[in-house]
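Trainee: Single-letter residue listing:
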Amino acid sequence: MRSSKDIEAALETHGATVWRVCAIHLPFHDAQDAYQETFVKFAASDTPVFEDAEHEKAWLIRVATNVCKDMLKAHARKAVSLDAAEVQLPESGDVDQPISRTQEVLDAIRDIPEPARTPLFLSVYEGYTSREIAEMLDSPMGTVDSWIARGKKKLREALS
Amino acid sequence: MTTFDDRMKEAFDEMAVPAGLNERTLARIEEMRASVEAQAPAEEAAQSARASEAQGAVVRFEDVRPAAPRRKAAPRWAFAVAACMLVVCLGIGFTSWWNRPAAYISMDMNPSIELAVNARDVVVATNAINEDGETLLASASLVGKKCDVALEELMQSEAFAEYAVEGSYLELGVVCDNEQLGQRLMGLCEAACATAPCETACATASEEERLAALDSGMGVCKYRSALELVESDPSMTLEECSHMSMREIREHLGYDDYRGSGHGSGHHGQHSGRSA
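Protein chains in written order, with numbering that gives the first Met the number 0: chain W, 0 to 159; chain V, 0 to 275.
These are calculated hints, taken from the structure and not from any lab test.
Quick reminder that beta carbons are idealized off the backbone N, C-alpha and C, glycines included.
Treat the hints with caution; some may be incorrect.
Which bits of chain V does chain W cover? Going by a derived footprint, with three or more residues having C-beta under 8 Å, they are [what the hints assert, rightly or not]:
#1 20-34
#2 136-147
#3 225-234
No more than 27 Å apart at the CA atoms, straight line, and that leaves these computed lysine-lysine pairs for DSS-like [claimed, not checked]:
#4 Lys56(W) x Lys68(W)
#5 Lys8(V) x Lys68(W)
#6 Lys40(W) x Lys4(W)
#7 Lys153(W) x Lys68(W)
#8 Lys72(W) x Lys151(W)
#9 Lys68(W) x Lys152(W)
#10 Lys56(W) x Lys8(V)
#11 Lys152(W) x Lys8(V)
#12 Lys153(W) x Lys8(V)
#13 Lys40(W) x Lys56(W)
#14 Lys56(W) x Lys72(W)
#15 Lys40(W) x Lys68(W)
#16 Lys151(W) x Lys8(V)
#17 Lys40(W) x Lys152(W)
#18 Lys4(W) x Lys72(W)
Start from the sequences and build out the full structure, keeping to the hints where you can.
Mentor: This is the structure in structure tokens:
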């Protein structure tokens, strides 16, 4: 297992990014579970050995995406409607999630079909190129470009 | 920067990790660490106990012969009935012995299939592990054929030729408790692989691995490679691997032996289960 120091450093450095990846896929409470699960996987294995912070971040993004996909599939198998839990009002006292603007964007992103969400987020917010996203998610670059283009179009329509 | 991009960035900028989530995550990880560390001494103690038991074990025999009972002479018709029943039982017994798999040969490329083989090297059943496997098995009738004939027929089928192109990777796995039969089947697999137009390998595996592989929707060789990949890269999942070909998995693992190196064949995993 990785050392506590490494884990704390990863949470500090990449926690916000991982949280955003989880939040664009899952309702609030499930996103928290996915967040924990991602860092548990990070902690549990000493490999890979990361070349630098960017490598570590890319790995965490990929793991978070996979964790979210697995949870979405599990939800689908149980036929639990995510719509029922969609309104992600934070619990009282938790003021870290401003609702109106963020929720509007989150709702719009979650309406986008699943494979496109992470590439869209990585392109628009994190500033990764299509090539970098394709390598990170192990997808063809053409597919990534297509997801990003369609995703942006849908978001514009939703937010206009 | 457009207004749309600004709006997206502002929205995401406001998304912070919920209060207390990092602390809860760390606490969960430390609990896991404590659990792993607590189990380690217990496992060592258990291994040590097992080693001591093995050294001190004594095998005892008891040979008790009951006294032979005195019998009355039976009527002749009873012998005839008994003889008929014996023949029927032998027949049923023979059929069930003949059809009982003594070994399994799995083939992973994409497609993935499995042949059940009896003690006389005859294929008694086939199993398609994935959809491409169904296509492959539909192209050849293998049940009832000797294993070498079945493998040859399979590898010469048109369906196989569509998958076994240069650059693809085929691995045959033999699962068998009987060493002699296992070695014989390995020989047959290696001979069959020698004629394949793609990179090949043969390996042995345990029944436990075979069952775990089937549960994951893979043949045993693909399952092993998938485990290796998931271990080296936790961002991959077994389910993802089950949809990949052997070549794709090996590519991810960094093997480049498939790149146009011709008809070379590898032979590994002589003892059941690769070393960890």
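Trainee: Hints first: check each against the structure and report whether it holds.
Mentor: So, going through the hints one by one against the coordinates:
1. 20-34: holds (count 10)
2. 136-147: violated (count 0)
3. 225-234: holds (count 5)
4. Lys56(W) x Lys68(W): 18 Å, holds
5. Lys8(V) x Lys68(W): 24 Å, holds
6. Lys40(W) x Lys4(W): Holds - the C-alpha atoms of lysine 4(W) and lysine 40(W) are around 16 Å apart, at most 27 Å.
7. Lys153(W) x Lys68(W): 21 Å, holds
8. Lys72(W) x Lys151(W): 25 Å, holds
9. Lys68(W) x Lys152(W): 23 Å, holds
10. Lys56(W) x Lys8(V): Judged against 27 Å, a Cα distance of about 19 Å means the pair holds.
11. Lys152(W) x Lys8(V): Holds, at about 16 Å.
12. Lys153(W) x Lys8(V): 17 Å, holds
13. Lys40(W) x Lys56(W): 14 Å, holds
14. Lys56(W) x Lys72(W): It holds: about 24 Å lies between the C-alpha atoms, which stays within 27 Å.
15. Lys40(W) x Lys68(W): 15 Å, holds
16. Lys151(W) x Lys8(V): 13 Å, holds
17. Lys40(W) x Lys152(W): Violated - the C-alpha atoms of lysine 152(W) and lysine 40(W) are around 34 Å apart, more than 27 Å.
18. Lys4(W) x Lys72(W): Distance of about 33 Å is beyond 27 Å: violated.
In summary, the numbered hints that this structure violates are 2, 17, 18.
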